Every structure is written in structure tokens, then in C-alpha cells.
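Here the sequence shown stands for residues 1 to 696, numbered as in UniProt numbering.
Rather than coming from a laboratory, the hints here were simulated on the basis of the structure.
Model, not experiment: these values are computed from the prediction.
Incorrect hints may have been included.
As the list claims (entries may be wrong) - Distance condition first, Cα-Cα at most 25 Å in a straight line; then the derived SDA-like pairs of lysine to any residue:
no. : residue 1 : residue 2
1   : 241       : 161
2   : 370       : 336
3   : 694       : 662
4   : 370       : 333
5   : 415       : 394
6   : 370       : 341
7   : 123       : 81
8   : 163       : 40
9   : 477       : 227
10  : 370       : 330
11  : 506       : 544
12  : 330       : 645
13  : 41        : 58
14  : 41        : 159
15  : 469       : 660
16  : 370       : 334
17  : 163       : 180
18  : 477       : 499
19  : 544       : 566
20  : 575       : 660
21  : 22        : 81
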Amino acid sequence: MPGRAEGGILVTRSLDRLIRPKSIAVFGGKEARRVIYQCDKMGFSGEIWPVHPREDEILGRKCYRSVADLPGAPDASFIGVNRELTIGIIRDLSARGAGGAVCYASGFREAVSELSDGDDLQKALVDAAGDMPILGPNCYGFINMLDGALLWPDQHGMLRIEKGVAVLTQSSNIACNISMQQRGLPLAYILTAGNQAQTGLADLACAVLEDPRVTAVGLHIEGFDSLEALERLGQRARDLKKPVVTLKVGKSEQAQLATVSHTASLAGNDAVSSALLARLGIGRVETLPELLETLKLLHVAGPLPNHDISSMSCSGGEASLMADAGVKRKVNYRALEDFQRQPLRETLGQMVTISNPLDYHTFVWGNREKQTEAFTTMMQGGYGLNLVVLDFPRLDRCDAADWITTCHAVIDAAKTSGANAGIVASMAENMPEETAEMLMRNGVVPFYGIEEALAAADAAAGIGEAWAKPQSAPLLKAAAGEGAPVTLTEHAAKQALAAHGLPVPKGVSAETAAAAADAAEELGFPVVLKGLGVAHKTEAGAVKLNLANREAVLEAANAMAGVAAGFLVEKMVGKPVAELIVGAMRDPVAGPVLTIGAGGILVELLEDSAILTLPTDERTIREAISGLNIAKLLGGYRGGPKGDIDALVAAVASAASYVVSNASIVEELDVNPIMVLPEGDGVVAADALIRLRKNP
Numbered sequence: 001m002p003g004r005a006e007g008g009i010l011v012t013r014s015l016d017r018l019i020r021p022k023s024i025a026v027f028g029g030k031e032a033r034r035v036i037y038q039c040d041k042m043g044f045s046g047e048i049w050p051v052h053p054r055e056d057e058i059l060g061r062k063c064y065r066s067v068a069d070l071p072g073a074p075d076a077s078f079i080g081v082n083r084e085l086t087i088g089i090i091r092d093l094s095a096r097g098a099g100g101a102v103c104y105a106s107g108f109r110e111a112v113s114e115l116s117d118g119d120d121l122q123k124a125l126v127d128a129a130g131d132m133p134i135l136g137p138n139c140y141g142f143i144n145m146l147d148g149a150l151l152w153p154d155q156h157g158m159l160r161i162e163k164g165v166a167v168l169t170q171s172s173n174i175a176c177n178i179s180m181q182q183r184g185l186p187l188a189y190i191l192t193a194g195n196q197a198q199t200g201l202a203d204l205a206c207a208v209l210e211d212p213r214v215t216a217v218g219l220h221i222e223g224f225d226s227l228e229a230l231e232r233l234g235q236r237a238r239d240l241k242k243p244v245v246t247l248k249v250g251k252s253e254q255a256q257l258a259t260v261s262h263t264a265s266l267a268g269n270d271a272v273s274s275a276l277l278a279r280l281g282i283g284r285v286e287t288l289p290e291l292l293e294t295l296k297l298l299h300v301a302g303p304l305p306n307h308d309i310s311s312m313s314c315s316g317g318e319a320s321l322m323a324d325a326g327v328k329r330k331v332n333y334r335a336l337e338d339f340q341r342q343p344l345r346e347t348l349g350q351m352v353t354i355s356n357p358l359d360y361h362t363f364v365w366g367n368r369e370k371q372t373e374a375f376t377t378m379m380q381g382g383y384g385l386n387l388v389v390l391d392f393p394r395l396d397r398c399d400a401a402d403w404i405t406t407c408h409a410v411i412d413a414a415k416t417s418g419a420n421a422g423i424v425a426s427m428a429e430n431m432p433e434e435t436a437e438m439l440m441r442n443g444v445v446p447f448y449g450i451e452e453a454l455a456a457a458d459a460a461a462g463i464g465e466a467w468a469k470p471q472s473a474p475l476l477k478a479a480a481g482e483g484a485p486v487t488l489t490e491h492a493a494k495q496a497l498a499a500h501g502l503p504v505p506k507g508v509s510a511e512t513a514a515a516a517a518d519a520a521e522e523l524g525f526p527v528v529l530k531g532l533g534v535a536h537k538t539e540a541g542a543v544k545l546n547l548a549n550r551e552a553v554l555e556a557a558n559a560m561a562g563v564a565a566g567f568l569v570e571k572m573v574g575k576p577v578a579e580l581i582v583g584a585m586r587d588p589v590a591g592p593v594l595t596i597g598a599g600g601i602l603v604e605l606l607e608d609s610a611i612l613t614l615p616t617d618e619r620t621i622r623e624a625i626s627g628l629n630i631a632k633l634l635g636g637y638r639g640g641p642k643g644d645i646d647a648l649v650a651a652v653a654s655a656a657s658y659v660v661s662n663a664s665i666v667e668e669l670d671v672n673p674i675m676v677l678p679e680g681d682g683v684v685a686a687d688a689l690i691r692l693r694k695n696p
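Kindly produce the complete structure, drawing on both the sequences and the hints.
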């Protein structure tokens, strides 16, 4: 439900009457007429009340002159008039106690660059609505195919169904396109949000999740309207066991804040969006076809228990395509169990290589009994999803009898084994829609495309993985401080972090070259000399390593005096197994987020990093580290020493503790590198940068 704050209390608006109406009022001419036509065509059984200042009847229904003349307060209203008139009608409907309205008109905030009053009119529209829910403005409305209620002024390609998925988008045109899909996906709802002036996509998604006839929800998101609503959606999806998957656009966006650290280049808005969605147990895909294919999988099977996949085809070429497509994903073609090998050999013959992916050749082609035996054996291996690659011949020119036989063998095997199964057409056009619909009715997922099938498996397994974990703590929410950020000296930054348990080298700050040399003698050689007040010391020549005597320190200090505001002298750290970066920055939506990645001078070149939303815990930190490419070094690459991973996890947790404790003032944190020493020797934060703002 959408909500607004009044005196610190969240006031919620129920969307039930709007999206599942028993009575509909329509305002306007051509578009309103189309709404009535679509409702009639789809068998809407409730009342429809046209409102028009001059017409006496529209499509056989009596016209009313105003909101006041209506026989009752409508559950849902479609307002297809100009933007100025829309505001007055919304005000009247709200006063009458209506259930909600679709604002079709454009010319509001989306057109502010062309219409100077667009922003003011949108504010006036929201004020006029009060507690009554509104969709838009600048939106087509919605289609409810469960009840035949369409506040939708255009064509669509949907049919009445009893159970299915909901798809939500800001874009009316994308909604139109999705309604025309021919992939066998049962669409229960399509809803558009337009400008999201009052009601956002996350609130709409929460509302449709409550419908017992909805199995899963897909979101096409251009921007998050409310972090609180998104959290509520993730929680409700988990509670109801109804998965949500998103197509979040905006990969080209960069972080909105001016930054001076490596952390900022790693933690762009898109990376943070992925981390945020993963934390909430909401899946993410890259394309519209992937969104639709994932919804098919979630409709039939729900979240997958693991990333393990089995693949079967009657072609080595298809087996290779499946194997290669899995390389860039988390899907795992786990080897067959021993108990599967002999039955497969007996069924398929001696010439078939028993492996996963499996090329079962054509020896059992057209033999439903033999295919069922082979498919059943594969499906008994405990895989999260079992796929059979099958491209169909053109029905207008060829006979598909043997392909249908294979379909029934997959259906039989899935029913016998109780496993999740899908049939994959390597090219989308090679699966007839009627075949896809038949497979869906029988609990087998018809996938259009190899890449799309594996993307769906990845997303569904990710949701399953998130739901299997304990519920994450609520996201850290802290208002940012005020004023321009102030950068702490490296020494001050390290001391602040050390107070939270981060290991730092023993060091002394000095104002002059002579004082730096004195400090080095006190610490004991060899030492590191760094210039203070320099953001990227290596590039500026403001760091010198392995200085073995007083003269070397003096020479180095004098050389960097022109760029440094002072000096930091530290004991030299031993050779590390690996260098990592731990950083934090403030995302405009998610607030402070943590970055872990390969560090040192190669941090941006390697682009090996993970984002963690806050607060976090050591289990999540350990999982993030294990997913990095540099984890191979930490594990003892090619006989090398293993890194002290336990100490690294504790160090990252210490940095996270500092950020959480100072969430309102931390603008940016960059600890690079954290030097990971051999197992048992710990870690050391060799460099640190902190930028703070004043308390709000």
C-alpha cells in the first residue's frame, strides 16, 4: 500500500478497490470509450458508469454528468481528460470516497522541461487525491485479467485466466509490448505507474502479491521510488512465498556524488542496486525476454533450491552451447551421481558419453518410454532445474510428432521424479506458442532461448538462496550530514578505524623532514614514508617503501615536500599474500554501502569487487570475499601461502562497524590496501582515507 508521513506516522492507502474493482467510472471521450469496450470484451461483471458532459449514453450505458451524479462511489476510475480537468475530477472523487483512479493525462512532471507548470500541477494532483490512491499521471492504467477489469485505453494481447503472474512498469509502451508476448506466460495483471506521483511500483507490487491468484511479480524499474516500500516488498514476498524479479535499467548511471577515492569508481549506482535487491531477496535480470522467461520459471517452480543444472539434448552442438552459456553465470553443471551412470548407459547405449550436459544422441529419438527413462534418471540427481534442449520444426511445413513425443517424455519424467523441468528452444521462434502453453499446463517450463533459460535459473536460484538465509536486519538509514566534506589525514583516519578494531601499522605523524627521520629511528627500520594530504599517493610520488636508514628518510621527505602537507612514518609491513580494498560511500537511495575488492594499484584495472548494503555480518562478508577472483590468491594459488581470511573478515567487519556507528557523517571511506598476510599473521590496513560531513 502506498503511504505518506503525517506527524511521523505512516498513513497507508489500500489499493484493493482500485486494482480489483466491482464498479468502474470512466471520464472522457475516445479513451474512456475504449476502456468500456475492453471491459465488455473481457467479461467484466461489475458496474460501469460513463461520465461525459454532453453524451447521453456510451456503448449502451447511461452517461452521468459529474462525480456527484454517479449512483455511488466507484471503486476505480479512468480519467481520460486534459491535465487541468483531471485535478478537479480527482478532488471530487476523493471527496466522494472513491477507491482510486488512473490519471491518463500527460504534461506533468515528466514534461517540466517543456511545460514550466508541470511540477506544480503534479503537486496539485497529489494534494487533490488526498488519501485516495492514484496511478500516474502520464500512464495507461492497468489490466486485471483475473476479473476482466481493464482500465486500459488500447489494444492488448491477453486472455482471461484463473492464476498467473503480474508485470509492473513505469512505461505504458513496454506494458503494451509485454501484453503481446507469445511465450505461454499466463499474465494475471499488467500495471503501469507513469510518473509515480503518489503510488510507486513497489507499493503496487505489494498490492498484487496479496491476490491469492498471483504467483510471482515482475518489475521493470527505471528508478526506486521508495527504499522503505522496496524493503516492504521484499519482506512481503518472502512471507507469502511469492517471488519478485526485476529488470532494473540504468547501468550507465554513475554515482551522483563527487568522490576522491577508488571506492566510488567501484560502487556505482547500478552495482549498489544489485546488492540492494540481492539483500532483499528480489531477483534481477538484464533484458525483457529474460524477465518473461524468469516469470515463467517462478510461476511453475518458484525459487530454485540451488544453482545446479542438468542439461540434455540430442546434439553435441547444443550441449556445447549450453555449457558455454553457463560460464558467465552462477549455474553449475554438477557432475552426475554414480547411481545415475549405469541406468543411463543401459537406456542410451554404449556410444553415448555419460556427462552433464548430456548429448543423448538420437538412439532413443521418438521412443517415449526410453526417453522418459533417461530423463527421469537425470532428474533424480538433485538438480535445481533439469533442462532438455529441443527446437521445434515449422508447423506449417513439417511434422512435429516426434518433438511432441519428447515433450511428453519430459512431462512424464518430471511427474515421476518430482523435479523441476524445462524445455529450451535455442532460438525463440522455434517453439510454437500452443506447445509452450501445453507445457505450462503440465508443469514444465517452456524456455525461449538458451541465454534466457540460464538467466532465469540464475535469478530463481538467487531468490531461493536469499530466502534460505536468516532474514537480514533492516537497512541502515541515516540522513547525510551537512556542508562540504572534510578529509581526515591518513593518520587520523587510521586511528578512528583502529578504535573499531581495524589493525593498522604503528606510525607517527611529523611536520618536517627532520621530525620524520627522528620518528623513523624511534620506530626502527625499515619504514614507510607517506605524504599527508595527498589522495592518491602512489600516482603523486608521495609514498616510499623500505627506507632502511635516516638518510633515506630525509631524502624521501625532501623529495615529496612540494606535494605533502606533512608526513606519516610507519613500520614496514611484511610481504602480503594479497592486497584488498575495503571502502564505503553514500548511495543516494541505499545510504552508506560497503565495497570489498581486489586492492592496491590494480583496484580499478581488475574490477574485482562486491557491494554490501549495511548493516552486515561476518557470514555475509565471508561469502562476498569467497566470490571475488582474488579469493584464489587468498586460498593459496599454485602452492603459494594461504592468506589469513579469518583476520580479513574481522577487518572488514571492523570497517563496517565504523561506518554504521558514524552513518550520519561518513561521506566516504577508502582503506586501500588492506594487506593480507599469511595465515595466522593477520592483516594490516596500509592506507586509509575518510571524508566526513557535519552532523545534521
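Original post:
Is residue 544 within 25 Å of residue 566, Cα to Cα?
Top reply: Holds: residue 544 and residue 566 sit about 14 Å apart, inside 25 Å.
**OP:** Starting from residue 163, check that the Cα of residue 180 is at most 25 Å away, please.
**Re:** 18 Å, holds
**OP:** Take the C-alpha atoms of residue 123 and residue 81, compute the straight-line distance between them, and say whether it is at most 25 Å.
**Re:** 18 Å, holds
**OP:** Would you mind confirming whether the straight-line C-alpha gap from residue 241 to residue 161 stays at or under 25 Å?
**Re:** This hinted pair holds, its Cα atoms lying about 21 Å apart.
Subject >> Restraint check for residue 477 with residue 499, where alpha carbons must lie at most 25 Å apart >> reply: With Cα atoms ~23 Å apart, residue 477 and residue 499 stay inside 25 Å; holds.
Original post:
Between residue 506 and residue 544, is the straight-line Cα distance small enough, at 25 Å or below?
Top reply: 16 Å, holds
Original post:
CA of residue 575 to CA of residue 660, is that 25 Å or under?
Top reply: 31 Å, violated
Original post:
CA of residue 694 to CA of residue 662, is that 25 Å or under?
Top reply: 11 Å, holds
Subject >> Hinted pair residue 415 and residue 394, Cα distance within 25 Å >> reply: 28 Å, violated
**OP:** Decide if the proposed pair is consistent with the structure: residue 370 and residue 334, CA atoms, cutoff 25 Å inclusive.
**Re:** Holds, at about 23 Å.
**OP:** Would you check the hint for residue 370 and residue 341, treating anything up to 25 Å between C-alpha atoms as holding?
**Re:** 15 Å, holds
Original post:
If you draw a straight line from the CA of residue 163 to the CA of residue 40, is it 25 Å or shorter?
Top reply: 20 Å, holds
Of the numbered hints given earlier, the model fails hints 5, 10 and 20; all others are met.
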